[in-house]
Amino acid sequence: KNEVEQSPQNLTAQEGEFITINCSYSVGISALHWLQQHPGGGIVSLFMLSSGKKKHGRLIATINIQEKHSSLHITASHPRDSAVYICAVTDTGNQFYFGTGTSLTVIP
Amino acid sequence: EPEVTQTPSHQVTQMGQEVILRCVPISNHLYFYWYRQILGQKVEFLVSFYNNEISEKSEIFDDQFSVERPDGSNFTLKIRSTKLEDSAMYFCASSKTSGFTDTQYFGPGTRLTVL
Numbered sequence: 001k002n003e004v005e006q007s008p009q010n011l012t013a014q015e016g017e018f019i020t021i022n023c024s025y026s027v028g029i030s031a032l033h034w035l036q037q038h039p040g041g042g043i044v045s046l047f048m049l050s051s052g053k054k055k056h057g058r059l060i061a062t063i064n065i066q067e068k069h070s071s072l073h074i075t076a077s078h079p080r081d082s083a084v085y086i087c088a089v090t091d092t093g094n095q096f097y098f099g100t101g102t103s104l105t106v107i108p
Numbered sequence: 001e002p003e004v005t006q007t008p009s010h011q012v013t014q015m016g017q018e019v020i021l022r023c024v025p026i027s028n029h030l031y032f033y034w035y036r037q038i039l040g041q042k043v044e045f046l047v048s049f050y051n052n053e054i055s056e057k058s059e060i061f062d063d064q065f066s067v068e069r070p071d072g073s074n075f076t077l078k079i080r081s082t083k084l085e086d087s088a089m090y091f092c093a094s095s096k097t098s099g100f101t102d103t104q105y106f107g108p109g110t111r112l113t114v115l
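Residue numbers (this note's numbering), protein chains in the order written: chain A, 1 to 108; chain B, 1 to 115.
For the record, the hints were derived by calculation from the structure and aren't laboratory data. You may find that some hints are simply not true.
[Claimed, not checked] Per label pair, the in silico range of CB-to-CB distance:
1. B:Ser66 - A:Gly93: 17 to 25 angstroms
2. B:Thr97 - A:Arg58: 24 to 32 angstroms
3. A:His69 - B:Asp63: 31 to 39 angstroms
4. B:Lys96 - A:Lys54: 26 to 34 angstroms
5. B:Glu3 - A:Gln9: 46 to 54 angstroms
6. A:Gln14 - B:Gln64: 29 to 37 angstroms
7. B:Ile54 - A:Ile107: 42 to 50 angstroms
Please read all numbers here as calculations on a predicted model, not as lab measurements. We put the beta carbon where it would ideally sit given N, CA and C, even for glycine.
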């Protein structure tokens, strides 16, 4: 069973495009995390959300607790944004569940 | 900028052998984690560690696994009697406060290959 579902699985965009990655979850959560995994495998934490919206540079993350849904937006996408974006949630029992990731390729 | 480091970057071992994966968390962090990612699959939580004891663990983290903070800086994952299916990338992470609701900082990972 998948506690966290992401869509799309793969995404190709032209440089400059606005990108949206979606995450739905089925468990009660205390927090939702967006992570970026680089082609070399390294993982970077982008956002931790429990409500509302957060913005960092060209990245925006939103969460709707009632709908159990979060989105990650990238404005003015750039080839260096190419990576796998992972949604993960902490449930109320302090278990950590990861989505399968969205592989983003931004073409110059 | 402080970072989490892991050694070795790649470990090759024979099935049945014991391996120890090492991590040096960020120095003022108090919470430590291990995750694994089997090639082509999603990241999976193994264990969290705080105040010198396991605070949470997943179903994957069975008696084959153990964690330890042997000194003030290292955080280790020991895998006893390795199996082929233990081949994966293992990531260590740390956070100042509980990373379940705080930002975690990940190490670069150790690729474990069990032959």
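* To do: Any hints from earlier that this structure breaks? Give me their numbers in increasing order, please.
  => Numbers 4, 5, 6, in rising order.
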